[in-house]
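So the protein lines, in turn, are chains A and B. Per the working numbering, the very first residue in the first sequence carries number 1; after that it's consecutive. Per the working numbering, the very first residue in the second sequence carries number 1; after that it's consecutive.
FYI, nobody ran anything at the bench for these hints, they're computed from the structure. Be careful, since some hints might not be right.
Repeated chains share a single entry, so a pair holds when one copy, or any two copies, can fit it.
[As the list claims (entries may be wrong)] Below, a list of computed lysine-lysine pairs in the DSS-like style, where the Cα atoms sit at most 30 Å apart:
(1) K125 to K141
(2) K141 to K21
(3) K97 to K125
(4) K83 to K125
(5) K35 to K21
(6) K35 to K107
(7) K141 to K81
(8) K107 to K141
(9) K81 to K35
(10) K121 to K97
(11) K81 to K125
(12) K97 to K81
(13) K141 to K83
(14) K141 to K121
(15) K97 to K107
2 protein chains.
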Amino acid sequence: MNNNSVTHEEMLGHILGSTGKLLRARFDQRLSDEKIGVNSMQAIALLHIIVNNGDCNQQQVADCLHQDKTMITRIIDSLEKGKFVRREIDSADRRQKLLQVTSLGRKLHETVNQVAQEIEKEALKNIGQQELLTCYQVLEKVRNNLSP
Amino acid sequence: MNNNSVTHEEMLGHILGSTGKLLRARFDQRLSDEKIGVNSMQAIALLHIIVNNGDCNQQQVADCLHQDKTMITRIIDSLEKGKFVRREIDSADRRQKLLQVTSLGRKLHETVNQVAQEIEKEALKNIGQQELLTCYQVLEKVRNNLSP
DNA sequence: TTCGTATAGTTTCATATGCAACTATTGGAA
DNA sequence: TTCCAATAGTTGCATATGAAACTATACGAA
């Protein structure tokens, strides 16, 4: 049996998942050690809200971050509790809640971004721009291939 | 603000994790639909046991699969319950349990491998060998950069 | 021999997760 | 207008997960 080949065939999902887990664990560790007040998922949601400030609802965050909307409810709960974002009911469609970042949220993001960049720098040591780009493209293709 | 750049900086762990999750969900769905009798993690552990038949303990499986040993105990429990593997106490060191695949386990692996290859084929559509190799290498480097 | 420390594996417990059911609202069709 | 199906968000519940405590065994040092 060609073990390496079989292993690779069977392992792609596992390699991606466990490497991602490792990265997120490192990120969460730093965020927790430095008492920054959010975890990695909350930080990523906050970034999305900043980029689309006042113009995105929770479902859009869920779709974009590939998370269950239940999860997003809970993430926004904690971000709102920390006064980093506000939920505003959309007057044009009262089912939706539009998300707005606060100045405290922007300040938090700067701190979080600092930590994120340090970790990425460590994680991407000795990896060339072109290699990394190829890797992102492959991941993007995989995602598209599997999306319905 | 350069949104794209910031997004990428902060997102690598998330992209890896969620793409891995998507792949494993697809795999688990097939394994469940076709009543194959194991889930993706169990299948991956089984592969490792086949490759190192009779010559690996649970801790080695944990290290290799980057999983908590608690998880491995549970995975081996179910594999043993299904009569796919056996635990044998190592007579040279009675703390260890050496793992051995059964013929039923080998049979199961063939079925699982079939499904895995179909999913990988779908996931890797339109991705060149070289690109894929680069992607694996980047992931390997990331893992090494973060390992203590 | 008798400790003390280290390691393999299991169990316990508290937390994280996500599906499914629920509420509130919309918008189109009868 | 009055339904009815669809959508946004929340909540309840059952399962998955992993850290820490625990058991059993090994092994080197006093």
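We went through each hint and held it up to the structure:
In this assembly of identical chains, K125 and K141 lie within 30 Å of each other by CA distance both inside one copy and across copies; the values are 24 Å within and 8 Å between. Taking identical chains as interchangeable, the C-alpha atoms of K141 and K21 lie at most 30 Å apart whether they share a chain (21 Å) or sit on different chains (15 Å). Neither within a single protomer nor between protomers do K97 and K125 lie at most 30 Å apart by alpha-carbon distance, with minima of 41 Å and 38 Å respectively. Taking the shortest Cα distances, K83 and K125 never come within 30 Å of each other, neither inside one copy (35 Å) nor across copies (44 Å).
In this assembly of identical chains, K35 and K21 lie within 30 Å of each other by CA distance both inside one copy and across copies; the values are 20 Å within and 28 Å between. Proximity of K35 to K107 under the C-alpha cut-off of 30 Å is restricted to the intra-copy arrangement: shortest distance 14 Å within a copy versus 51 Å between copies. Proximity of K141 and K81 under a CA criterion of 30 Å is satisfied in neither setting, with 37 Å inside one chain copy and 38 Å between copies. In this assembly of identical chains, K107 and K141 lie within 30 Å of each other by CA distance neither inside one copy nor across copies; the values are 35 Å within and 32 Å between.
Proximity of K81 and K35 under a CA criterion of 30 Å is satisfied intra-copy only: 16 Å inside one chain copy versus 44 Å between copies. With identical chains, the CA atoms of K121 and K97 are never at most 30 Å apart, being 36 Å at best within one copy and 40 Å at best between copies. In this assembly of identical chains, K81 and K125 lie within 30 Å of each other by CA distance neither inside one copy nor across copies; the values are 37 Å within and 44 Å between. For the identical chains of this complex, K97 and K81 are intra-copy neighbours only, at 16 Å inside a copy versus 48 Å across copies, given an alpha-carbon limit of 30 Å.
Taking the shortest alpha-carbon separations for K141 and K83, neither the intra-copy value of 37 Å nor the inter-copy value of 38 Å comes in at or below 30 Å. In this homomeric assembly, K141 and K121 come within 30 Å of each other (Cα to Cα) both inside a single copy, at 25 Å, and across copies, at 12 Å. Proximity of K97 and K107 under a CA criterion of 30 Å is satisfied intra-copy only: 23 Å inside one chain copy versus 52 Å between copies.
Violated hints, in rising order: 3, 4, 7, 8, 10, 11 and 13; the structure is consistent with all others.
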